[in-house]
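Chemist: Sequence:
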Amino acid sequence: MTVSQNDQLAPWSRSELMAVQLAKRLRNDDVTVMGTASAIPQVACRLAQLTHAPDLYSIAGGTCSVNPHLGPVVPSCGDYDLLRADTSLSLNDVVLLEGRADVLTVFFAGGLQIDAYGNCNLVSVGDWGRPALRGPGTVGLPFLSRVGRILIYTQSHNARTFVERVDFMGGPGFLRGPADWKAADLPGGGPQLVVTPLCTMGFDPESLR
2 MTVSQNDQLA
12 PWSRSELMAV
22 QLAKRLRNDD
32 VTVMGTASAI
42 PQVACRLAQL
52 THAPDLYSIA
62 GGTCSVNPHL
72 GPVVPSCGDY
82 DLLRADTSLS
92 LNDVVLLEGR
102 ADVLTVFFAG
112 GLQIDAYGNC
122 NLVSVGDWGR
132 PALRGPGTVG
142 LPFLSRVGRI
152 LIYTQSHNAR
162 TFVERVDFMG
172 GPGFLRGPAD
182 WKAADLPGGG
192 PQLVVTPLCT
202 MGFDPESLR
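Add 1 to the 1-based position in the sequence shown for this note's numbering, that's all there is to it.
Worth flagging that the hints you see were computed from the coordinates, not collected in a lab.
Be a bit skeptical, because a hint or two may be false.
[Claimed, not checked] Okay, the calculated beta carbon distance ranges per label pair: (1) PRO179 with ASP87: 36 to 46 Å; (2) ARG166 with GLY190: 18 to 28 Å; (3) GLY190 with LEU97: 19 to 29 Å; (4) LEU92 with PRO12: 36 to 46 Å; (5) GLU165 with LEU199: 12 to 22 Å.
By construction, the Cβ of each residue, glycine as well, lies at the ideal position given by its N, Cα and C atoms.
The task is simple: from the sequences and hints, build the whole structure.
Modeler: In structure tokens, the structure reads:
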């Protein structure tokens, strides 16, 4: 891959900067998975493969494609263009891998809500009986508890997204804090950071916030 002077001077977007921040956290031996609307993680994985992590495996959750051969980036992991890949898995295989802490090392997660302990909500906002907003459901987020590293990202840095406590914990982060996290004794490593268009945030090792 060659980089021209024009490429070097091209303006960058906040979404691209988010992808760079995520790519920096990826390792050469990682096996990653992402959901359907995951253009930013797609770019992050491809950037890592082209720079410091050529052996990284990237699984696109929508098409179940492994290491898609990306030309123009598509906005959805359910796009048929992603079937041009090293290989494709069945949905059952991907779900089984999501439960394998010894195989899957990184899960890209997001949500309608993200709370102080990195718990994610893709189910509903508001009262459970009469929600103000319904999301797509838990999807693969319940498996977060089994993954080595959770990388959270969102393009909405506002008070509606970042809440003290999610209305529905579809994707477990550090649960309700250190005591709950220790008692649960989950095999995963928990959330590592949150990337937004405005900043990259980490979690305090003691308070887990």
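Chemist: Would you mind marking each hint as holding or not holding in the structure?
Modeler: Evaluation of the provided hints:
no.	hint	result
1	PRO179 with ASP87: 36 to 46 Å	holds, 40 Å
2	ARG166 with GLY190: 18 to 28 Å	holds, 22 Å
3	GLY190 with LEU97: 19 to 29 Å	holds, 20 Å
4	LEU92 with PRO12: 36 to 46 Å	holds, 38 Å
5	GLU165 with LEU199: 12 to 22 Å	holds, 19 Å
Hint violations for this structure: none, all hints satisfied.
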